[in-house]
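Participant: Start counting the sequence shown at 0; every next residue gets the next number (numbering that gives the first Met the number 0).
Because the hints were derived from the structure by calculation, they are not lab data. No experiment lies behind these values; they were computed from the predicted model shown. Think of the CB as a built atom: it goes at the ideal place given N, C-alpha and C, for glycine as much as any other residue. Just to be clear, a hint being listed does not mean it is correct.
[As the list claims (entries may be wrong)] DSBU-like cross-link-like pairs, simulated, lysine-lysine; straight-line CA separation at most 30 Å: (1) Lys29 - Lys208; (2) Lys18 - Lys208; (3) Lys18 - Lys29; (4) Lys208 - Lys20.
[Said to hold, decoys possible] If you anchor each label on the Cβ, the simulated ranges turn out as follows: (5) Ala85 - Asn28: 17 to 25 Å; (6) Cys38 - Val4: 22 to 30 Å; (7) Ser21 - Ala175: 39 to 47 Å.
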Amino acid sequence: MGAIVNAVVILIVGVIGAKIKSAIPERMNKRLMEAIGLCIVVMGIAGAIEGQNTLLMILSMVIGTLIGEGLDLDGRIISAVNQIEARFIKTTPGEKGNLAQGFISATMIFCVGSMIIIGSLESGLTGDNSTLYIKSLLDGITGFLLASSLGVGVALSALPVLVIEGGLTLLATFLAPFLADAVVTEIISVGSVLLIGLGLNMAGLSQFKIMNFAPAIILPPILMLFF
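Please construct the entire structure, taking both the sequences and the accompanying hints into account.
Facilitator: What follows is the structure, encoded as structure tokens:
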């Protein structure tokens, strides 16, 4: 239930935020996106320094980037979202591409952090959804602000949130032994590095292909078997 609530909240605030986007001057939209980007950079730094194993972080990023770049995940996702945009959503030339940017940005923000892992495991193991409900509230606020700047692509991130949280919840009994506190910390640390890159992109300071780095997030539990 917690995963469903979280996804529905993101979907609703994403649509509402996108509706008011047109009422906000373009200059203010740009400044808002830069402000959110800088905040995400700070969040990423705070999470990254929590990691206890720098070598593990580096190896995860290197191997994950090789996988992501080899598969060109960023290009594939952007292409798929752009096809959805061209087929179902009417946009002006100046807005084209915002759907993919909103989707990728929101997905990374909502799917990186301790609450998605801990909350999903709690939900699956004990039936307690309180952590995911709190996450839903926080995601709702963030999603609204993000959608008011990046548009309806933020609402589409409800799908990966539902899949990841739902999957972790359903597989909680199996995954719990492999997701000890130390492992979760390293996953969050690697994910936070990606948030730094995402924040820099949103602030207009870089053009990282964030999704090509994304496989790094799943590598710490595997690599820790060899440390």
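Participant: Against each hint, give a clear statement of whether it holds in the structure.
Facilitator: So, going through the hints one by one against the coordinates:
1. Lys29 - Lys208: holds, 20 Å
2. Lys18 - Lys208: Given that 30 Å is the threshold and the Cα spacing comes to 28 Å, the pair holds.
3. Lys18 - Lys29: Given pair Lys18, Lys29 holds - Cα atoms ~17 Å apart, limit 30 Å.
4. Lys208 - Lys20: holds, 25 Å
5. Ala85 - Asn28: 17 to 25 Å: The hinted range 17 to 25 Å holds for Ala85 and Asn28, with Cβ atoms some 22 Å apart.
6. Cys38 - Val4: 22 to 30 Å: With Cβ atoms ~25 Å apart, the hint holds.
7. Ser21 - Ala175: 39 to 47 Å: holds, 45 Å
Going through the hint list in order, the structure satisfies each hint without exception.
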